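2 protein chains.
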Amino acid sequence: MSKYWNDKVREIEPYVPGEQPKDRKYIKLNTNENPYPPSDKVLEAMRNAVNGDLKLYPDPTCSELTSEIANYYKLDENEIFIGNGSDEILAFSFMTFFSKNKKILFPDISYTFYKVYAELFDLNYELVKLDDNFDIPLEELKKTNGGVIIPNPNAPTGKYINTESLKSLIEANKDRVVIIDEAYIDFGGQSMVKYMHEYDNLLVIQTLSKSRSLAGLRVGFALGHKDLIEGLNRIKNSINSYTIDRVALAGAKAAIQDSKYFEEITKKIVKTREKVVKELEKLDFRVLKSESNFVFASHNNASGKFIYENLKCQGILVRYFDKERIDNFLRITIGTNEEMDILIEKLRFILSNNQKEL
Amino acid sequence: MSKYWNDKVREIEPYVPGEQPKDRKYIKLNTNENPYPPSDKVLEAMRNAVNGDLKLYPDPTCSELTSEIANYYKLDENEIFIGNGSDEILAFSFMTFFSKNKKILFPDISYTFYKVYAELFDLNYELVKLDDNFDIPLEELKKTNGGVIIPNPNAPTGKYINTESLKSLIEANKDRVVIIDEAYIDFGGQSMVKYMHEYDNLLVIQTLSKSRSLAGLRVGFALGHKDLIEGLNRIKNSINSYTIDRVALAGAKAAIQDSKYFEEITKKIVKTREKVVKELEKLDFRVLKSESNFVFASHNNASGKFIYENLKCQGILVRYFDKERIDNFLRITIGTNEEMDILIEKLRFILSNNQKEL
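Chains as they are written, first to last, in our numbering: chain D, 8 to 365; chain A, 8 to 365.
It is possible that some hints are incorrect.
The list treats identical chains as one, so a pair stands whether inside a single copy or across any two.
[Claimed, not checked] Calculated lysine-lysine pairs in the DSS-like style (CA-CA distance at most 27 angstroms, straight line):
| id | residue 1 | residue 2 |
| --- | --- | --- |
| 1 | K330 | K81 |
| 2 | K81 | K29 |
| 3 | K149 | K10 |
| 4 | K312 | K136 |
| 5 | K353 | K201 |
| 6 | K330 | K312 |
| 7 | K110 | K122 |
| 8 | K149 | K15 |
| 9 | K353 | K109 |
| 10 | K109 | K10 |
| 11 | K10 | K122 |
| 12 | K201 | K10 |
| 13 | K136 | K150 |
| 14 | K233 | K10 |
| 15 | K10 | K110 |
| 16 | K107 | K122 |
| 17 | K15 | K110 |
| 18 | K107 | K353 |
| 19 | K201 | K29 |
| 20 | K15 | K107 |
| 21 | K274 | K109 |
| 22 | K149 | K136 |
| 23 | K15 | K122 |
| 24 | K10 | K174 |
| 25 | K107 | K285 |
| 26 | K312 | K110 |
By construction, these hints were calculated from the structure, which means they are not laboratory data.
Here the structure is a predicted model, which means the values were calculated and not measured.
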């Protein structure tokens with residue numbers, strides 16, 4: 008605490024990302040990274056962009072990348088906004104579309120950054136309680152509000168809402184913006200982007216961090232009506248004109264281009280997920296139906312904390328949230344088949360030891 | 008304008024960076040980029056960082072880069088904050104140290120982004136008028152206020168304030184933060200960083216975009232008392248946990264390490280600047296004393312706008328501000344000797360044609 012901080016800085020509770028310990032080499036299943044490296048074409052494009060032109064500012068409008076995304080999703084270039092990871096776009100969206108006087112709505116069990124943004128920007132908000140099946144109660148999101156934001160699939164549950172249900176949510180909220188945070192959409196869900204031209208209040212946010220294996224690159228994008236995109240640009244250009252560096256622009260463009268590679272690896276991850284779910288169930292886990300690159304699971308006998316701590320000792324990191332209602336769950340990123348085999352083996356070991364102690 | 012924007016987004020006037028036209032190849036002397044490429048060691052480090060690990064998030068604490076900067080400036084690691092360009096750090100600083108109820112002070116002719124930040128974050132501010140010599144009237148910055156920010160050297164004037172004068176400014180403002188924006192400090196000035204341990208209210212902000220030839224990389228850093236740095240981290244971690252990508256981290260680290268290269272090229276730029284100043288004066292320009300990688304000059308007969316437009320036709324971009332008191336000036340980045348020779352030649356041509364028309 009410092010006398011030089013303003014009141015806001017004193018009172019906020021910053022977001023805490025998944026741990027990145029450096030004490031030893033872990034199998035990292037805690038931050039939903041992709042277990043497969045980015046496409047070779049991405050690496051090649053990035054290497055080519057490492058040259059003397061780095062002395063010059065990057066294109067502040069990210070026009071080549073924008074054009075590539077426009078082409079991929081059959082959109083106009085002015086319907087696309089590029090940001091330094093989808094987190095930056097989320098922050099800018101809270102600054103652009105939400106106001107102090109109207110309550111925004113988002114799920115109580117969801118991406119915890121939403122609450123951080125709402126508090127940072129002094130917004131009124133209401134946490135809408137997931138039902139007993141950990142589903143988002145969509146009817147609750149249709150009551151009077153100042154904006155809605157949900158991840159689809161939701162994190163950390165992994166649960167997916169179909170497009171028809173989301174259409175009715177967007178229609179019920181015509182007077183405010185509905186943000187669908189599709190960070191995990193490529194692992195089994197269907198993007199709302201195909202309905203974008205039907206709604207001028209829909210903002211879809213995606214990232215290259217998950218399905219495109221580029222968490223280390225920091226690029227996300229938002230898709231929406233050109234007026235929404237213009238609003239985001241007004242905020243961005245009031246904070247930082249150049250948020251994406253030259254090499255990241257080149258890599259992101261190549262990643263969108265090489266859709267074949269990305270489709271292959273997402274398929275592989277989905278296949279591994281289905282296998283892991285079965286194995287976990289055999290080990291007496293309850294696993295929520297996931298359409299993402301992670302599963303959310305609780306054990307019928309052993310506590311989440313116990314398993315988390317024991318896995319860490321065994322060299323495997325998963326995400327544990329010490330939070331009401333989900334403190335018995337673990338969020339486990341889907342790694343390679345080999346990594347998941349090790350996970351299952353370690354779990355079997357930990358649980359059988361636990362059994363002995365009971 | 009959209010009904011979905013909040014009031015703030017409607018009313019802000021975003022920053023407008025220097026033009027980046029794509030219609031033809033220009034000699035770019037308009038955005039204060041370095042004319043020399045980054046060090047080969049930087050490019051090599053970046054190429055090495057382009058690998059499969061891009062699938063993983065970067066280190067959110069930027070610890071290796073922080074440690075390199077700490078080593079270079081003989082500081083502790085907790086006295087350093089890394090940002091996505093110094094603009095992002097400036098924005099975070101306005102969010103961390105300034106409050107709505109107390110007027111912050113900055114010069115009327117200065118980096119125009121300060122005003123944008125103040126308005127975006129609803130801060131009270133007062134523009135302190137530069138004197139007739141375009142100097143910042145430091146006494147005016149000692150009156151009661153809620154914080155002070157100045158660039159040193161100032162942009163777009165290029166004028167530098169010595170460290171003794173700044174020490175007295177910082178001492179007179181013990182109860183609030185004084186930010187010295189040292190984007191251009193390496194071209195002849197002395198950084199305040201060496202006095203950092205004497206003051207807990209001093210924040211120094213620097214960038215790799217200018218003297219380190221890395222405008223295309225988007226890395227800046229702030230140096231200050233650990234409590235100030237902690238405040239910045241609280242804001243950063245409430246917006247975006249990972250702002251610097253893996254390749255940028257590697258390049259920035261190598262750039263700080265290779266101080267020899269950076270010293271060489273800044274010396275070259277200073278030498279070119281001194282030569283250009285003389286040439287401009289011979290052509291009847293008034294050139295303000297510059298300690299930066301640009302000069303601010305007005306011609307005794309031809310208007311700034313006329314020269315700017317004619318230079319653009321001739322393939323040379325300089326920065327022209329259509330703004331009271333400085334609308335007869337041009338801000339000209341110092342390029343290579345060859346680029347500046349062409350500039351002088353084109354100016355001679357333009358001015359002699361102008362002469363004929365008078």
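Let me make sure I understand: some of the numbered hints might not hold for this structure. Which ones are they, in numerical order? 1, 5, 9, 18, 19, 21, 25 and 26
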